[in-house]
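**Q** Listed below, chain by chain, are the residues.
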Amino acid sequence: MDEIMTLTFEVPGDDFTRAGEASSAVKKRLKQLGFDPDTIRRVAIAMYEGEINMVIHANGGDIQVDITPKAIDMRLRDNGPGIENIELAMQEGYSTAPDNVRSLGFGAGMGLPNMKKYTDEMKIESELGVGTTVSMRVLT
Amino acid sequence: MNSDKFFHSVTLDSEKCKGCINCIKRCPTEAIRVRNGKAHIITQRCIDCGECIRVCPHHAKKATYDPLSVMHQFRYKIALPAPALYGQFNNLDDINIILNALLLMGFDDVYEVSKAAELVSDCTRKMMREGKLPRPIISSACPAVTRLIRVRFPELIDNILPLNAPVELAARLAKKQFSERMQVPVEEIGAIFISPCAAKVTAVKMPLGVEKSHIDAVVAISEVYPKLLPYMKEVDQQTEQELSDSGRIGVSWGNSGGEAAALLNESYLAADGVENVIRVLEDLEDEKFSKLEFVELNACSPGCVGGVLTVENPYVARSKLKRLRKYLPVACNHIAQEIPPDAKFDTPLVFVPVLKLDNDISVAMEKMKEIERITANLQGLDCGSCGAPSCRALAEDVVRGLASEDDCIFKLRRHMHSLVDELAKFDGYIPPPFRLPEDDAGAQESQSY
Numbered sequence: 001m002d003e004i005m006t007l008t009f010e011v012p013g014d015d016f017t018r019a020g021e022a023s024s025a026v027k028k029r030l031k032q033l034g035f036d037p038d039t040i041r042r043v044a045i046a047m048y049e050g051e052i053n054m055v056i057h058a059n060g061g062d063i064q065v066d067i068t069p070k071a072i073d074m075r076l077r078d079n080g081p082g083i084e085n086i087e088l089a090m091q092e093g094y095s096t097a098p099d100n101v102r103s104l105g106f107g108a109g110m111g112l113p114n115m116k117k118y119t120d121e122m123k124i125e126s127e128l129g130v131g132t133t134v135s136m137r138v139l140t
Numbered sequence: 001m002n003s004d005k006f007f008h009s010v011t012l013d014s015e016k017c018k019g020c021i022n023c024i025k026r027c028p029t030e031a032i033r034v035r036n037g038k039a040h041i042i043t044q045r046c047i048d049c050g051e052c053i054r055v056c057p058h059h060a061k062k063a064t065y066d067p068l069s070v071m072h073q074f075r076y077k078i079a080l081p082a083p084a085l086y087g088q089f090n091n092l093d094d095i096n097i098i099l100n101a102l103l104l105m106g107f108d109d110v111y112e113v114s115k116a117a118e119l120v121s122d123c124t125r126k127m128m129r130e131g132k133l134p135r136p137i138i139s140s141a142c143p144a145v146t147r148l149i150r151v152r153f154p155e156l157i158d159n160i161l162p163l164n165a166p167v168e169l170a171a172r173l174a175k176k177q178f179s180e181r182m183q184v185p186v187e188e189i190g191a192i193f194i195s196p197c198a199a200k201v202t203a204v205k206m207p208l209g210v211e212k213s214h215i216d217a218v219v220a221i222s223e224v225y226p227k228l229l230p231y232m233k234e235v236d237q238q239t240e241q242e243l244s245d246s247g248r249i250g251v252s253w254g255n256s257g258g259e260a261a262a263l264l265n266e267s268y269l270a271a272d273g274v275e276n277v278i279r280v281l282e283d284l285e286d287e288k289f290s291k292l293e294f295v296e297l298n299a300c301s302p303g304c305v306g307g308v309l310t311v312e313n314p315y316v317a318r319s320k321l322k323r324l325r326k327y328l329p330v331a332c333n334h335i336a337q338e339i340p341p342d343a344k345f346d347t348p349l350v351f352v353p354v355l356k357l358d359n360d361i362s363v364a365m366e367k368m369k370e371i372e373r374i375t376a377n378l379q380g381l382d383c384g385s386c387g388a389p390s391c392r393a394l395a396e397d398v399v400r401g402l403a404s405e406d407d408c409i410f411k412l413r414r415h416m417h418s419l420v421d422e423l424a425k426f427d428g429y430i431p432p433p434f435r436l437p438e439d440d441a442g443a444q445e446s447q448s449y
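These protein sequence lines are chains H and G, in that order. With our numbering as the guide, the letters of the first sequence map in order to residues 1 to 140. With our numbering as the guide, the letters of the second sequence map in order to residues 1 to 449.
None of these hints come from the bench; they were simulated from the model. Only a predicted model underlies this, so the values are computations on that prediction, with no experimental measurement involved. Cβ atoms here follow ideal geometry from the backbone N, Cα and C, with glycine treated the same way. Possibly wrong hints are sitting among the right ones.
[Said to hold, decoys possible] With a cut-off of at most 27 Å between alpha-carbon atoms, the simulated DSS-like pairs for lysine-lysine come out as follows: (1) 116/H x 28/H; (2) 233/G x 176/G; (3) 38/G x 322/G; (4) 132/G x 356/G; (5) 367/G x 70/H; (6) 70/H x 28/H; (7) 116/H x 411/G; (8) 126/G x 227/G; (9) 126/G x 18/G; (10) 344/G x 369/G; (11) 369/G x 28/H; (12) 70/H x 369/G; (13) 326/G x 356/G; (14) 117/H x 291/G; (15) 356/G x 25/G; (16) 356/G x 205/G; (17) 344/G x 212/G; (18) 369/G x 322/G; (19) 117/H x 205/G; (20) 28/H x 117/H; (21) 288/G x 123/H; (22) 227/G x 28/H; (23) 291/G x 116/H; (24) 326/G x 233/G; (25) 28/H x 288/G; (26) 28/H x 356/G; (27) 28/H x 291/G; (28) 117/H x 326/G; (29) 367/G x 28/H; (30) 18/G x 62/G; (31) 176/G x 344/G; (32) 70/H x 356/G.
[Unchecked claim] Selected chain H positions facing chain G (in silico; Cβ < 8 Å): (33) 34; (34) 35; (35) 64; (36) 67; (37) 71; (38) 130.
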């Protein structure tokens, strides 16, 4: 099985009201492709969390989603400030989100933990001042 | 469920249809295409929400329902008036006038749907206390919403409250009680729903959650209303029977937020209007709400009073309901210890993947790549002139083998332009006998034509 479908998205960093559009588009595609509801849900939530993070912390970036019948791979890449302490960031409840987004109900410190929880594999590569790349895989 | 024969209440009067694009653009499940100058409903996708009926400027979309004369088919007939009916009349301050008028009209008994609604509310409160259902619980009362979830939101099916809509419970209880009281066989009793809603017609003919509906006929409020008015004038308030037995909770079910408020729980959300409903369902799917206990969704705005079979302006009707319930007790109907079996779904709901491209994911992926390719080549105006609601929908139709890329009028125009360009090249062509030597360079190019 080498069939693969790749979707790419630019995530604009300057418009918070558009955050979540990419994950919503992926969800729609996966439904039409006939993936099972639980797989779709896990991809949609993990990607949504990652996408929101890119907008809140990193002024946007790009997302590539590779779909095969066996797995969905997501790569979220930004040129933001980088994560100082990944271990700390992975802790539930730890957040550096600014107040303006907290008032919208974000910034509960559950983004990264949820991404880990809903995916089968997750890798974070981050360099301070350069950017962060999060790779996630959901097996079908 | 694949053996569904897909009865629909929403149908087309093709004489009146002008083949315009109003309905195709409004349909929440992209279930309409214009072919040969007429709208066609893709029955597997239609959820009977009635949006196309509302939006059609030519009144070509209509709801089918039973005529009021259907009542004569039954030896005994019981009217099941929806709470929305109460909101249709001017200067009415007593529900009993409507119910007595229904008896004068020829019904043998009346059972208010709002009574059953209070029982459903009671059952819901009990089930929420037991805490076994996945949260948030989504109301099952609006048949268009249940059908929408069934075709578009598979992961939310388990969140649907597994209780029958009030009118179904009302039909069951009404027949049982009448049969016992009058000592007549249930088979001779007809339960006739006076409905604001086209989707309820479908819900009766092709029920979800129940094997066979106990409702025998569905008549439209819009047909009953003018016939009921003269009888209402006849009702003598001195001698009228005390027939109404509903409280605020039951009557409030007629408008959006009523069912949710009846749960006496702060953590609820109520949305109405099919586009708003879809937005809420999408956010629910992404688990964007936390600590939400109950979600009430109505395809019509603002709730059942906005159904396509009503006569009064929906917002006026809502105000009238508010006035009518003002001095009513909170509720008049309560369940005994256990949830009555009549209130529960007989059969579980199942996902119907009508939007899926193929059963084989690999094949579906190939098809989707093709859809993306075709979409990218289309104009992106979503003009609807091809008969599909958007460029992407046309691309999907092409891949499903239901349309051709050339159906796009922009593509057609491009073809014509290139044809004209080809022809224009001959414009400058001068045959050799008339050609001057300096023209030769340019003419050579044309010679190939």
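**Q** For every hint, state whether the structure bears it out.
**A** Structure-based check of all given hints:
1. As the CA atoms of residue 116/H and residue 28/H are separated by approximately 22 Å, the hinted pair is consistent with the 27 Å bound.
2. At roughly 31 Å between alpha-carbon atoms, residue 233/G and residue 176/G are farther apart than 27 Å, so this suggested pair is violated.
3. Distance hint between residue 38/G and residue 322/G is unfulfilled; the C-alpha atoms sit about 42 Å from each other, more than 27 Å.
4. Straight-line distance between C-alpha atoms of residue 132/G and residue 356/G comes to about 31 Å, which puts the hinted pair past the 27 Å bound.
5. With a CA separation close to 17 Å, the supplied pair residue 367/G and residue 70/H stays within the 27 Å bound.
6. For a cut-off of 27 Å, the pair hint linking residue 70/H to residue 28/H stands: about 18 Å separates their Cα positions.
7. Between residue 116/H and residue 411/G the alpha-carbon distance is near 46 Å, which puts this suggested pair outside the 27 Å criterion.
8. At most 27 Å may separate the alpha-carbon atoms for a hinted pair to count; residue 126/G and residue 227/G exceed this at roughly 40 Å.
9. With a CA separation close to 51 Å, the supplied pair residue 126/G and residue 18/G exceeds the 27 Å bound.
10. For the hint pairing residue 344/G with residue 369/G, the CA-to-CA distance comes to about 44 Å; that exceeds 27 Å, so the pair is violated.
11. Note on residue 369/G and residue 28/H: the hinted pairing holds, with a Cα-Cα distance of about 14 Å set against a maximum of 27 Å.
12. Distance restraint check for residue 70/H and residue 369/G: the Cα-Cα separation of roughly 17 Å lies within the 27 Å cut-off, and the hinted pair is therefore satisfied.
13. In summary, the hint linking residue 326/G to residue 356/G is not supported, as the alpha carbons are separated by about 48 Å, beyond the 27 Å threshold.
14. Restraint check for residue 117/H and residue 291/G: the C-alpha separation of about 19 Å stays at or below 27 Å, so the hint holds.
15. Taking the CA atoms of residue 356/G and residue 25/G, the gap is near 20 Å; set against the 27 Å cutoff, the hint holds.
16. Pair hint residue 356/G plus residue 205/G holds up; C-alpha atoms about 26 Å apart against a cutoff of 27 Å.
17. The hinted pair formed by residue 344/G and residue 212/G meets the criterion: a straight-line CA distance of about 13 Å does not exceed 27 Å.
18. Among the hinted pairs, residue 369/G with residue 322/G is inconsistent with the structure: their alpha-carbon atoms are about 53 Å apart, more than 27 Å.
19. For the hint linking residue 117/H to residue 205/G, the alpha-carbon distance of about 44 Å lies beyond 27 Å, and the restraint is violated.
20. At most 27 Å may separate the alpha-carbon atoms for a hinted pair to count; residue 28/H and residue 117/H meet this at roughly 22 Å.
21. Annotation: proposed proximity of residue 288/G to residue 123/H holds, straight-line Cα distance about 24 Å (limit 27 Å).
22. Of the pairs offered as hints, the one joining residue 227/G and residue 28/H is violated, with about 48 Å between alpha carbons and a cut-off of 27 Å exceeded.
23. The hinted pair formed by residue 291/G and residue 116/H meets the criterion: a straight-line CA distance of about 22 Å does not exceed 27 Å.
24. With a C-alpha separation of about 23 Å, the suggested pairing of residue 326/G with residue 233/G holds against the 27 Å cut-off.
25. A C-alpha spacing of about 17 Å is found between residue 28/H and residue 288/G, which places the hinted pair at or below 27 Å, so the restraint holds.
26. Taking the CA atoms of residue 28/H and residue 356/G, the gap is near 10 Å; set against the 27 Å cutoff, the hint holds.
27. Restraint check for residue 28/H and residue 291/G: the C-alpha separation of about 26 Å stays at or below 27 Å, so the hint holds.
28. For the hint linking residue 117/H to residue 326/G, the alpha-carbon distance of about 50 Å lies beyond 27 Å, and the restraint is violated.
29. Distance hint between residue 367/G and residue 28/H is fulfilled; the C-alpha atoms sit about 15 Å from each other, no more than 27 Å.
30. Between the alpha carbons of residue 18/G and residue 62/G the distance comes to roughly 14 Å, so the proposed pair stays at or under 27 Å and holds.
31. About 16 Å separates the Cα atoms of residue 176/G and residue 344/G, which keeps this hinted pair within 27 Å; it holds.
32. Distance check on the hinted pair: residue 70/H and residue 356/G sit about 18 Å apart at the alpha-carbon level, within 27 Å; holds.
33. The interface hint given for residue 34/H holds, since its Cβ lies 4 Å from the closest Cβ of chain G, which is under the 8 Å cut-off.
34. For residue 35/H, the shortest C-beta to C-beta distance to chain G is roughly 7 Å, which falls under 8 Å, so the interface hint holds.
35. Among the interface hints, the one on residue 64/H is violated; its C-beta lies about 15 Å from the nearest C-beta in chain G, farther than the 8 Å criterion.
36. Taking 8 Å as the C-beta cut-off, the interface hint given for residue 67/H holds, the closest approach to chain G being about 7 Å.
37. At its closest, the beta carbon of residue 71/H sits 11 Å from a beta carbon of chain G; the interface hint therefore is violated under the 8 Å criterion.
38. With 8 Å as the threshold, the beta carbon of residue 130/H stays out of range of chain G, its nearest partner Cβ sitting at about 30 Å, so the hint is violated.
Checked against the numbered hints above, the structure violates hints 2, 3, 4, 7, 8, 9, 10, 13, 18, 19, 22, 28, 35, 37, 38; every other hint is satisfied.
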